[in-house]
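Q: Now for the letters of each chain:
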Amino acid sequence: MNRYLPLAITALAILALATLFLVIAPGMQISAQGPSQGLKPYTEAEARGRAVYVSMGCLYCHSQQPRSLAQAPDAERGWGRASVAGDYAYDDPHQLGTMRTGPDLMDIGDRLPSQAWQLTHLYQPRAIASWSIMPAYPYLFEHKDKAGPDDVVVKLPAKYAPKSGVIVAKQDALDLVTYLQGMKRQYAPPKDGLRDNGYALIAEKQRDATDATTASN
Amino acid sequence: MQITETLGLLLALSFVISLLALTILIWAIANKQVHTPDADDARTIFEPGEGADIDYPDKPHHFDTARSGIDANSSSVVMWLIAAAVFWLIYGSLHGLAASLELHLPDLMSGTAQMTFGRMRTVHLNSVAYGWASQGGLAAVCWIIPRIFRTNLRMTGLLKVGIVLWNIGLAAGVLAIANGWTDGLEWLEIPWQIDIILAAGAACFVAPLIATAKNRNVHHIYVSGWYFLAGVLWFPVLFIVANIPGVHHGVEQATMNWWYAHNVLGLWLTPLGVGTAYYFIPKIIGKPVYSYALSLVGFWALALFYSQVGIHHLIGGPVPTWLVTLSVVHSVMMFVPVIAVAINQHVTVASNLWALKESMPLRFISFGAVMYTLASFQGSIEALRSVNSITHFTHYTVAHAHLGAYAFVSLVLMGAIYQIVPRATGKYWPFPRMIAWHFWLNVIGFAVYFFSLTIGGILQGLAQLDATKPFADSVILLKPYLEGRSLGGGLMTLGHVLLAINLIAIGFAKKTRETETENMVAAE
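Sequence order for the protein chains is A and B.
Position 120, counted from 1, in the first sequence is what this note's numbering calls 120; the numbers after and before it change by one each time, with no gaps.
Position 460, counted from 1, in the second sequence is what this note's numbering calls 460; the numbers after and before it change by one each time, with no gaps.
Careful: at least some of the hints might be erroneous.
Stated by the list, open to error - In silico negatives: residues of chain A with every beta carbon more than 12 angstroms from chain B:
| # | residue |
| --- | --- |
| 1 | Arg50 |
| 2 | Ala89 |
| 3 | Asp110 |
| 4 | Trp117 |
| 5 | Ile133 |
| 6 | Lys144 |
| 7 | Val166 |
| 8 | Leu174 |
| 9 | Ala188 |
| 10 | Gly193 |
What the hints assert, rightly or not - Reference listing, derived: stretches of chain A covered by chain B, where coverage requires no fewer than 3 residues with Cβ under 8 angstroms from a Cβ of chain B:
| # | segment |
| --- | --- |
| 11 | 23-32 |
| 12 | 77-85 |
To be verified - Examples of chain B residues lying across from chain A (beta carbon under 10 angstroms, computed):
| # | residue |
| --- | --- |
| 13 | Ala99 |
| 14 | Ala113 |
| 15 | Leu185 |
| 16 | Ile210 |
| 17 | Trp234 |
| 18 | Ala342 |
| 19 | His346 |
| 20 | Ala350 |
| 21 | Leu478 |
Just so you know, the hints here were simulated from the structure itself, not pulled from any lab data.
Note that CB positions come from ideal geometry on N, CA and C, so glycine has one too.
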């Protein structure tokens, strides 16, 4: 190659092609779907809690995208049904995640609805599960001599409780728990919901092939 | 359903277009329809009389002497970039090491929000990707471009403005992330308001490099130039488009996210690394690359296939099936460009193994080049649905990412720094033995890092696929492997500190020479 301009134009055209296939085309298809029926926008407290989730970087250990049973036993673990594009219509920024150092949280509100449990767990995960490697978030809480009338006191085992006084949740912790409690997709998924059905299709083909072999025998 | 059919058609079309383009290219090369770069073009990087001869110490070759003038204005740009890059390398490594320790010692640093895992990890990624690798790569670009074009770097003032803006933006960005202000998308965490500074900085690199290309004194653009010139255009476009706020939300945003994130690797860091290796391997050895025509196939196949692999990060997720399949197919097609590059670079090194003993920079660079082949092969296989079900949400992916961004890109760039700095400053490295120590600390540290997370990741993935095992099992079994990662990461960081010490010391060292007539990184 000896000329700059053709190189530059072709290089940018290839990037434009990739953008068409990876961003624009799926973007049109996904936005045509709209929100799943039964999905509600976040309440103000949930949105504030979600902002705490984003800012602490929960994303780097927790996914929000249960896989289909054709691929993995996520649903059997109680992580919820396989999610579809419409389930995320109100998410900005999206928090699908790529790591499961901790469990998937798409349906955490269904699985662990207790505020007390969540607060204890956020204050010190090892107060609940000794094997946990989740960070503790003590700065979302306050150490007080005595709880005020509106304070939510965190229940702690003796090992992690302060020597005197109480641990109460700050607003950030309460909002975060409200967000987690709201994480449940109890409505039925839309029939034409968009998701990667590759695994189901492969399983179907394999079933057909097995059936054909059985039949020919 | 209409739309699905249209999109199915698009999917098939994308693959057909890419395949067709590749076929046309191969046909055109075979039938001499395009000017095929030939052995003479591959010699662009050599002076007349240079090359084809082994670099005997008693018979100095023409290494850059004739061009000493072209470094007059570019060496300060290059040194600014290298100093900044190494600063971010140390800063990023320390954050990476801290984040790694936090995963098996979770209560070690839990006192402040700034030090929580989710933020330390993010500061690590942004520091090493945008601070270290991007600037280290640009240093190599600013050093190599004047050489392959045989002209001095143009608009160096603008380049320096770009460097200053980029570092101010990045410093503000990581400060924002540490304090909880983030855009919340992987690889795009820096708030878009701060991204404006970074985008302005990146844009400052475009015009000078185009101007230098326009004023070149050679007819042919050497292969490194294709990678660099394309990469320098691709990155600002990617960065600006991906950071425009308010365009996407939900799953749309997720596909945009991975279109961007994988293209930062494929169309930015990879071209920087491959282009750098394509220059220094033949240059240090003194012989042109094995098959120059093949490099053309490698370049365009990389552009066509690598640009569409991003959605393999969402396999099994809430995105259209056709889109996932598209990225899986292109991931597998990555074998084409990778094999092309591998033949060129590895055969050149393999037929000149003596040179690895003579040159420490070459040792770093060829090690990195081999890691590129391995990382890409691994990536292609990892994108297969059956494999991905095991590895996707595990630390296996982290090991893979470091094989690419660290063992490949970073080691190539470290080699480039060891090669460039003595020539840019006219000084010897004050502690040459430390270079070898650095190399082995990084290679051994990385081996520990990689095998720990690869094995741990597979076990983690298998445990999570087994419904009879509680989730806790996948965490408990992982702990020793996470400790192994900290050990490996510690050794790697130590190696980086040695580089920084050498770099600071060379800053205080006296100038030893005016010209560059021999290999300044002498054999140990």
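Q: State for each hint whether it applies.
A: Do the hints match the structure? See the list:
| no. | hint | in the structure |
| --- | --- | --- |
| 1 | Arg50 | violated (9 angstroms) |
| 2 | Ala89 | violated (5 angstroms) |
| 3 | Asp110 | holds (16 angstroms) |
| 4 | Trp117 | holds (16 angstroms) |
| 5 | Ile133 | violated (5 angstroms) |
| 6 | Lys144 | holds (18 angstroms) |
| 7 | Val166 | holds (19 angstroms) |
| 8 | Leu174 | holds (16 angstroms) |
| 9 | Ala188 | holds (15 angstroms) |
| 10 | Gly193 | violated (8 angstroms) |
| 11 | 23-32 | holds (count 9) |
| 12 | 77-85 | holds (count 5) |
| 13 | Ala99 | holds (9 angstroms) |
| 14 | Ala113 | holds (5 angstroms) |
| 15 | Leu185 | holds (5 angstroms) |
| 16 | Ile210 | holds (7 angstroms) |
| 17 | Trp234 | holds (6 angstroms) |
| 18 | Ala342 | violated (21 angstroms) |
| 19 | His346 | violated (23 angstroms) |
| 20 | Ala350 | violated (27 angstroms) |
| 21 | Leu478 | holds (8 angstroms) |
Hint compliance for this structure: hints 1, 2, 5, 10, 18, 19 and 20 are broken, all remaining hints hold.
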